[in-house]
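> Chains as they are written, first to last, in the numbering used here: chain V, 1 to 355; chain G, 1 to 118; chain W, 1 to 218.
Mixed in with the good hints, there may be bad ones.
[Claimed, not checked] Restricting the straight-line Cα-Cα distance to at most 27 Å, the calculated cross-link-like pairs of lysine-lysine (DSS-like) are: (1) V:Lys192 to G:Lys85; (2) V:Lys49 to V:Lys77; (3) V:Lys81 to V:Lys49; (4) V:Lys49 to V:Lys28; (5) W:Lys134 to G:Lys85; (6) V:Lys28 to V:Lys192; (7) V:Lys331 to W:Lys185; (8) V:Lys331 to G:Lys112; (9) V:Lys192 to W:Lys134; (10) V:Lys91 to V:Lys81.
[To be verified] Taking beta-carbon pairs under 10 Å as the criterion, some of the chain G residues facing chain V (in silico): (11) Leu25; (12) Val58; (13) Val82; (14) Gly88; (15) Ile101; (16) Leu102; (17) Val104; (18) Tyr108; (19) Leu115; (20) Glu116.
[To be verified] Here are a few chain V residues that sit away from chain W, every Cβ distance over 10 Å (derived from the structure): (21) Leu4; (22) Ala11; (23) Gly75; (24) Met80; (25) Ala125; (26) Ala132; (27) Leu136; (28) Tyr139; (29) Ile143; (30) Trp146; (31) Ala161; (32) Glu168; (33) Val293; (34) Phe317.
If you are wondering where the hints come from, they were derived from the structure by calculation, not from laboratory data. The beta carbon of each residue, even a glycine, is placed where N, CA and C say it ideally should be.
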Amino acid sequence: MMELLQTIEQAGQGLLGPFWGPLWTLVKIVVIVAPIMGGVAYLTLAERKILGYMQDRVGPNRVGYWGLLQPIADGVKLLMKEIIIPTGANKFLFVAAPVLALVPALVAWAVVPFADGMILANVNAGLLYILAMTSLGVYGIIIAGWASNSKYAFLGAIRSAAQIVSYELAMGFALVCVLLAAQSMSLVDIVKGQQHGYGLLGWYFIPLFPMFVVYFIAGVAETNRAPFDLAEDESVIVAGFHTEYSGMGFALFFLAEYANMILISALTSVFFLGGWLNPFEGWPVLGAMTAWVPGLFWMLAKMSVFLFIFLWFRATFPRYRYDQLMRLGWKVFIPLTLVWVVVVAAWMQTPLWFW
Amino acid sequence: MLENYFPVLLFIAVGLAVGVAPLVLGRLAAPHRPDDAKLSPYECGFEAFEDARMKFDVRYYLVAILFILFDLEIAFLFPWAVVLKEIGVFGFVSMLVFLSILVVGFIYEWMKGALEWE
Amino acid sequence: MMTIETIVFYLFAALSVFAGLRVITARNPVHAALFLVLAFFSMAGIWLLLEAEFLAITLVLVYVGAVMVLFLFVVMMLDVDLVQLREGFWRWFPIGALLAAVMVGEMIWVLGNRQTAETGAEVIKHAADYSNTKELGRLIYTDYVYPFELAAVLLLVAIVAAIALTLRQRRTAKRQDVAQQVAVKRNDRVRLVSMPASARVSTQAQPDEAAASDQQKH
Numbered sequence: 001m002m003e004l005l006q007t008i009e010q011a012g013q014g015l016l017g018p019f020w021g022p023l024w025t026l027v028k029i030v031v032i033v034a035p036i037m038g039g040v041a042y043l044t045l046a047e048r049k050i051l052g053y054m055q056d057r058v059g060p061n062r063v064g065y066w067g068l069l070q071p072i073a074d075g076v077k078l079l080m081k082e083i084i085i086p087t088g089a090n091k092f093l094f095v096a097a098p099v100l101a102l103v104p105a106l107v108a109w110a111v112v113p114f115a116d117g118m119i120l121a122n123v124n125a126g127l128l129y130i131l132a133m134t135s136l137g138v139y140g141i142i143i144a145g146w147a148s149n150s151k152y153a154f155l156g157a158i159r160s161a162a163q164i165v166s167y168e169l170a171m172g173f174a175l176v177c178v179l180l181a182a183q184s185m186s187l188v189d190i191v192k193g194q195q196h197g198y199g200l201l202g203w204y205f206i207p208l209f210p211m212f213v214v215y216f217i218a219g220v221a222e223t224n225r226a227p228f229d230l231a232e233d234e235s236v237i238v239a240g241f242h243t244e245y246s247g248m249g250f251a252l253f254f255l256a257e258y259a260n261m262i263l264i265s266a267l268t269s270v271f272f273l274g275g276w277l278n279p280f281e282g283w284p285v286l287g288a289m290t291a292w293v294p295g296l297f298w299m300l301a302k303m304s305v306f307l308f309i310f311l312w313f314r315a316t317f318p319r320y321r322y323d324q325l326m327r328l329g330w331k332v333f334i335p336l337t338l339v340w341v342v343v344v345a346a347w348m349q350t351p352l353w354f355w
Numbered sequence: 001m002l003e004n005y006f007p008v009l010l011f012i013a014v015g016l017a018v019g020v021a022p023l024v025l026g027r028l029a030a031p032h033r034p035d036d037a038k039l040s041p042y043e044c045g046f047e048a049f050e051d052a053r054m055k056f057d058v059r060y061y062l063v064a065i066l067f068i069l070f071d072l073e074i075a076f077l078f079p080w081a082v083v084l085k086e087i088g089v090f091g092f093v094s095m096l097v098f099l100s101i102l103v104v105g106f107i108y109e110w111m112k113g114a115l116e117w118e
Numbered sequence: 001m002m003t004i005e006t007i008v009f010y011l012f013a014a015l016s017v018f019a020g021l022r023v024i025t026a027r028n029p030v031h032a033a034l035f036l037v038l039a040f041f042s043m044a045g046i047w048l049l050l051e052a053e054f055l056a057i058t059l060v061l062v063y064v065g066a067v068m069v070l071f072l073f074v075v076m077m078l079d080v081d082l083v084q085l086r087e088g089f090w091r092w093f094p095i096g097a098l099l100a101a102v103m104v105g106e107m108i109w110v111l112g113n114r115q116t117a118e119t120g121a122e123v124i125k126h127a128a129d130y131s132n133t134k135e136l137g138r139l140i141y142t143d144y145v146y147p148f149e150l151a152a153v154l155l156l157v158a159i160v161a162a163i164a165l166t167l168r169q170r171r172t173a174k175r176q177d178v179a180q181q182v183a184v185k186r187n188d189r190v191r192l193v194s195m196p197a198s199a200r201v202s203t204q205a206q207p208d209e210a211a212a213s214d215q216q217k218h
């Protein structure tokens with residue numbers, strides 16, 4: 001596999017010279033983006049199926065065997081729907097908002113490692129870059145809400161902006177703990193820092209367990225998913241910030257939300273569950289039995305678990321009330337994460353720090 | 001170092017393309033037959049008679065301001081976290097002082113009821 | 001020779017100049033704020049070209065991700081009246097022009113100064129694994145510890161000021177007190193009443209008797 005890639009690289013360099021580099025990068029980007037888009041499409045099917053089974057229904061089962069063509073049918077339907085721009089709306093911003101929501105959700109993937117050496121840009125400040133990109137997601141929502149010139153959209157946008165902003169702080173503090181443990185901001189170094197030869201015992205979710213929980217819950221809140229989906233609280237503000245959107249504009253918001261879900265799952269796996277590392281590495285029997293499994297498999301398996309939890313949350317928990325949501329963010333998560341930053345830093349000054 | 005960021009720049013371009021392409025496709029493939037009722041903002045039964053962009057509860061501004069301040073705090077924590085092993089106990093204590101000054105602010109905020117929603 | 005870096009630099013520079021101009025010429029304040037975002041972005045790009053990795057990304061994180069969100073909140077929701085804003089334009093124009101002239105003069109003086117021009121000329125190139133953040137970390141918390149603590153005090157003042165300026169208590173508001181809810185005991189809410197179990201329950205209840213037996217229990 002690696003040799004094949006090398007021969008391709010050499011042949012390409014010979015043929016195209018200086019243009020080869022950018023072109024090869026472009027190919028890699030497509031190889032990252034295309035599966036994410038496919039993943040988003042089938043995540044919607046998975047969501048409907050899983051919710052269906054949890055509610056004792058079967059979910060979509062008409063389009064294709066077991067509903068497998070349903071996402072494609074949905075996509076075609078949305079493509080054929082008219083894009084309506086309301087009269088009072090600010091036309092340019094109204095159209096730009098969904099693009100602004102999607103771009104940060106995609107661009108953050110540039111620094112995510114999928115397996116050993118499988119990364120587009122191993123940037124030193126990777127974690128900072130991720131935090132910066134996720135903080136941009138709020139623009140799409142605010143602009144959509146304002147540009148629509150509709151009360152429901154506006155209310156939804158304000159609500160979700162304040163929500164995203166509050167939970168971003170908890171996320172940031174939780175990531176400081178990861179940085180403390182890894183002593184590096186590069187995502188590759190963070191994963192390698194969890195490799196001690198004891199398999200999953202070396203992963204950061206053990207010393208940073210409260211942060212692991214806080215990070216994932218804050219991630220659910222960041223992506224506006226149930227039980228924190230107040231931005232699209234359908235019984236109160238219709239559909240929130242995307243009330244006025246139809247057709248592909250709506251589809252882009254949908255894509256952004258699901259791409260963000262997959263991103264949060266990938267990041268939680270990288271920061272706390274050792275990314276592509278084998279959980280049984282160095283264990284007596286299981287270690288040898290699973291040594292052949294490629295790192296990519298472990299990464300995808302961990303991501304799937306978190307994605308399942310996302311859907312599970314949606315089926316299980318009732319929606320938060322707004323004051324409860326803000327209390328959880330500011331009065332529970334921020335103090336907890338602050339205390340844990342100090343605890344981890346102090347812990348690292350003692351010889352009892354094994355990670 | 002810069003060569004690491006070139007793919008990121010390219011990725012932003014691709015991301016924009018992936019965002020714009022569906023909108024263009026949708027505009028081309030979908031029908032376009034606007035009329036007054038369809039283009040009016042979503043309302044319950046009657047026409048909207050005022051601008052939807054209204055003044056807002058000041059609490060939301062307070063949340064935004066507090067967010068900026070805590071975000072700056074996080075920005076200060078990041079370089080500290082990656083070198084803690086090198087700067088040792090001194091670095092730990094200097095951050096402890098920094099954090100305790102800010103915790104005073106946080107407690108003030110809490111006691112004043114700035115974190116309450118009703 | 002034009003390297004890719006030079007092209008990218010001129011791209012970002014042109015973008016930031018354009019965005020900066022649009023910030024002050026745009027009629028709609030929301031558009032102006034969004035152009036400011038674009039200006040910050042292109043400046044972050046230029047800083048990145050100077051290999052100031054940490055500062056560049058922090059610029060995006062703090063200014064674009066936080067400060068501009070507040071700006072947008074304010075300009076979107078305070079419905080700034082444009083006509084009113086423009087009223088005093090020509091009256092205050094001389095003072096504004098004077099201030100602008102002073103600032104331009106200062107900039108020319110600083111940039112034209114030979115010493116700054118010479119020391120700021122060379123950009124040091126670093127290897128791919130060079131971490132700008134670690135370099136900063138090594139200095140801020142040790143050599144520059146006093147300014148660092150001062151920054152904390154500054155942030156504290158900002159927190160107090162923000163609360164003092166914006167917090168308004170509403171007397172009529174209802175709040176949920178979680179501690180109080182959790183502390184509730186069974187006896188506060190439920191009162192068990194034992195009724196005499198009789199074989200035949202008559203449809204016409206006897207209120208006097210029921211009340212009497214109730215009182216006996218307590």
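> Each hint: holds or not?
Verification of the hints:
no. : hint                 : verdict
1   : V:Lys192 to G:Lys85  : holds (17 Å)
2   : V:Lys49 to V:Lys77   : holds (19 Å)
3   : V:Lys81 to V:Lys49   : holds (25 Å)
4   : V:Lys49 to V:Lys28   : violated (32 Å)
5   : W:Lys134 to G:Lys85  : holds (11 Å)
6   : V:Lys28 to V:Lys192  : holds (23 Å)
7   : V:Lys331 to W:Lys185 : holds (24 Å)
8   : V:Lys331 to G:Lys112 : holds (13 Å)
9   : V:Lys192 to W:Lys134 : holds (18 Å)
10  : V:Lys91 to V:Lys81   : holds (18 Å)
11  : Leu25                : holds (6 Å)
12  : Val58                : violated (12 Å)
13  : Val82                : holds (6 Å)
14  : Gly88                : holds (8 Å)
15  : Ile101               : violated (13 Å)
16  : Leu102               : holds (9 Å)
17  : Val104               : violated (12 Å)
18  : Tyr108               : violated (14 Å)
19  : Leu115               : holds (5 Å)
20  : Glu116               : holds (8 Å)
21  : Leu4                 : holds (25 Å)
22  : Ala11                : holds (23 Å)
23  : Gly75                : holds (30 Å)
24  : Met80                : holds (31 Å)
25  : Ala125               : violated (5 Å)
26  : Ala132               : violated (4 Å)
27  : Leu136               : violated (6 Å)
28  : Tyr139               : violated (8 Å)
29  : Ile143               : violated (8 Å)
30  : Trp146               : violated (5 Å)
31  : Ala161               : violated (7 Å)
32  : Glu168               : violated (8 Å)
33  : Val293               : holds (29 Å)
34  : Phe317               : holds (17 Å)
Hint violations for this structure: numbers 4, 12, 15, 17, 18, 25, 26, 27, 28, 29, 30, 31 and 32, all remaining hints satisfied.
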